[in-house]
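Chains as they are written, first to last, in my numbering: chain A, 602 to 956; chain B, 284 to 541.
To be clear, the hints were calculated from the coordinates, so they are not data collected in a lab.
Glycine included, C-beta positions come from ideal geometry on N, C-alpha and C.
Just so you know, nobody snuck in bad clues.
Listed below are the simulated DSS-like cross-link pairs for lysine-lysine, each with C-alpha atoms no more than 25 Å apart in a straight line:
id, chain 1, residue 1, chain 2, residue 2
1, A, K649, B, K309
2, A, K613, B, K347
3, A, K613, B, K309
4, A, K798, A, K751
5, B, K389, B, K500
A few chain B residues that don't get close to chain A, going by computed Cβ distances all over 10 Å:
id, residue
6, R307
7, K309
8, S361
9, G373
10, E406
11, T407
12, D434
13, T444
14, E448
15, I480
16, P481
Residues from chain B that face chain A, not an exhaustive set, calculated with beta carbons under 8 Å:
id, residue
17, L315
18, Q316
19, R353
20, E354
21, A357
22, R467
23, G470
24, I471
25, G473
This is what each chain is made of:
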Amino acid sequence: MISQNALHHAEKCRFCWMCRHLCPVQHQTGKELNTPRAKGLLLSMVHKEAQQFDKDMAQAMYECLLCDACTNDCATGYQPPLFIREARTEAVVSELAPESVMHLIDNVERTGNIYGVEKPGFGREGTDVLVYIGEAAAVKAPEMAENLLKLLEKAGVSAKVLEKEPASGVMLGDLMGYTEEVRQMAAVCAKALNETKLPVVVLDSYDAEIMTQKYPEWGFEIAAGVTTATAFTAKLLAEGKLEAKAPLGVTGACHDDDRLARTFHEFEPVRRMAKAAGYDLTEMFNHGKLAKSCGTAVAWGYMPELVTRIAGGRWTDLTRIGCDTMLVANPETWQCLSLCVPEGCRLVDLFGALL
Amino acid sequence: MKRILVCVKAVPVSAFVEVDSQHRLKRDGINLQWNAADASALEAALRLAGEDGSVTVLTMGTSKLESPLRELLARGASRAVLITDRRMAGADTQATARVLAAAVKKLGDFDLILCGCKAIDGETGQVPGQLAAALGLPCVSNGETLEADPDGLTITRRLETGTQELRGRTPTVISLCAYSYPLRLPGILGMRRARNIPVEVLNADDLGLLPEQCGLKGSATKVLAMESRFPGMRRGPKETDLTLGAKALGQILREVRP
Ligand code: SF4
Ligand code: SF4
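Here chain B stands alone, though its shape is the one from the complex (with noise of 0.2 Å):
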């Protein structure tokens, strides 16, 4: 596998967050991590790619993304791009897929877009599949294992009931599960190298996008409200019958696997 780009996401350590009078999420000042289905896409690019391909990361955020973004230079990308403007600012997933789509093809041809199955803030998962649409390719979510041949990729996909396992052909857009692919850590000499690697920086006008199609502007959805429930409160009929019991908590288990 020649070319391949991972869309990577920066996303709150914690799992308390504030957000502004337009319901967006206050990044600022907050302690970020890269999405960790993000990392484990990454870490499946850069077992494909090997010594002669190529991994190409890309973000969307603020300035402040270009140190973590050199983060994963180290740990063994060979290109990050940063996309960072004001205007973008409360992007929905179409709004942001449509940003990633015109980056991807301002940067290049790539055999293999890779993605995270969703990222742990919005929990949509909707982005790989807008952003293959927008690339006019094909879409596999939730893939657990990646592996390529000369004739294509074999990816299994986690279901809710089991695996499935699919044929493909590249250049496809693949959503990956977390911790299906541990992430590498940044090596010594990775670090050295990543030094001398500046990180790409890119905005609307250079992608060629007009102010209405970034951001709140260009979002198709809009947050009227929100409301906080306790974390793990689930109302449901209490059980005393142990077959019972377990059936439910399957089915409980089931709903939230992927």
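So here's chain A without its partners, still in its complex pose (with noise of 0.2 Å):
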């Protein structure tokens, strides 16, 4: 069941093949059905009757990172993810999915994260903010989530963590699309975060782009505002919170997160503290809005050997340029980039390098 709209933009594609150089995925398998143009074509074809939705074309839609690139770059304002996602949804309704998707699902759906893990907890009290550390900070980069809170306490943040902080939907919209088994799950964790009555700082922007973007669309909104971390970061900074270091006389790129780079347009508050952590800055090819993927946490739990790859093909642009440090501040990207840290290279977790 693909909606209007999704088709809309499925059927828009002008073959301009503008797109097809950006795809982070389609750069790593080569595969003509991993362009995002490709995908829109099968969907077509699909609602003209033309072709089956079959296991193929479903393992086709999951090859997609919904980094948004090709939106990014579309001239004909063409928004791959859309359908993409929706032919996701269309995947597990048919039970057509893969089976390691499927795990993933259930594994949300019993514990609220893809890991199948009780999540750990980083509970505390606090009065300024509510910081929200989300499910893969929680498993898989729990450093960063308590640099991040010594951080806060280092600039004089009273900063609250909810004990059983719920799973913000991020997780679960990725890998079946957005349904009433997401909001709902939304529902709960807008309603724990507005009860505190306190902003929110939110360390994943994965989970911050679902809570600025569909929470209000779909009618509850955080009542108190969101803040990224590391804008709420870059603030103190500027309002001379939180001290820079002297020059380390290193060189650093900083690698901007898709999320960060297209939802929020958030370039500088990243490189404000790499600077801040005396850094010296280079830029790899496409960053900034054309950032380049290095994976996810969602894409890493069905497609692990796939995102490697994409990893270390980021990895591989910081070489070219002769860099070796990798500056990061996404607990997403730390769990990707971590995957195959080259030989000589260094991943700079950036909340805990201004420690």
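From the two separate chains plus the hints, produce the assembled complex.
So, in structure tokens, the structure goes:
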């Protein structure tokens, strides 16, 4: 069941090929099926009853990071992730989604996260802000979460973390599209966050995206506002609540995660953090709005081998410019990039670097 | 609340639409979505119906609406009915209400009929009242909230100057404002269930309507000319006094509020 709006996007493509060179999945797999326009064409053929929606097609819809690089560069305003997400819903409804994906969906339904483990707690009391840690950080990058909390303490910010932090719904939304099940999960999260009446600082930009873009559309806004942890930290630096470190004499490049780059258009805060941590900055090819994704926690969950290659591609981008230090401030990019750190290279958590 | 019927309309997504030589909106090939106020009415109906009630969605339009109607079944509607007939093209609000009323009568008894307060393409807001008149039922317009108890309904209406609370009995027709009730999304189980529910299709003959009661022929109003204006442009005096400016702005905002 693909919506009219999604179909409209699938059929708008002019086959200009501009997005072809931007898709990180296409880069690594080399498969024509993994160009955004091919996925649109497939869905259009299904709609015209020229092709069946089958297991192979469902598989193709999951070979995508929902990174939005294609949308960003499409002259026709065509948004492949819109229909790719809906095609994932169709795959789940028709029981055609890959088994690895269904396994992750079961995990999320049981535990709130793709890892299928009880989320480690970071609970603490505070009065200034509520920090939302998120599933990926809590399970796969707990040090980054601890570093953010220590940094806030250092800046004199009284930060609360919920003892039992509900899942935001972003993982389930990426796995099976925006369905009522995801909206219900989001409603529980929004209610818990709103009960604190505190402004929310979100560590993982993937969570921040669903909270700012989808929650209001679904009828539950975070009343006291949502800020990304990077923007909040940069503000603390600008206000002098955190001090800059002495230059390290090391050059690093910031990896812009795709949601920060393309949903929030947020590039400066991470760079301000990197400079304050003492790094000299250089830039990789495809940074800022054109940032190339290095993978996501969800995609890693069902295609770890491909995500490792995609993350490897980002390390190649770094070494190609003669740099060996990758600077990140997102737990999901941390998780993916740490899968394959090349010898002699370093992955730096900017929250930790500022301590 | 046992049996609820919701009238829904597919409207263009874009504000840039074309009209044909008879000033009818060209709907072929354009991207359509369910009118926001109608979506709100559907959510209100689903909440009132609960587990034991039933919600029928009724629309009038081209046969292409079968698939979007299925999406409403996936969101929780129990029955979907599409009235489609070339002879109905170009209907004004009265002819539309006549057709909808004939369908409501054919489809059975309903405790409540909900509509959106107006569609974003025509912006008339006339159909709910005309439908109620055609069915001989009372009508409450611009409902914002709607609650049912064993003795009847409590409706909060949005007015230009505030809100009004009313008590009402069923059956009745109520039009709801957009965004009062954000419509739930289709769920996985709902989508699986919707696959097995056929969309019922009706035409003028099924409804016992004559050609002169439908479409352009059955319409009392004729659009003679159309003129496009720059959207958002409003001519008015330039106000330099802050207090007077704030007052004028308040007036403008009240004007567009519902
Ligand atoms: S850039 Fe847009 S129009 Fe061009 S091939 Fe990609 S999706 Fe199609
Ligand atoms: S969203 Fe990203 S991964 Fe998916 S098709 Fe577009 S560019 Fe490729």
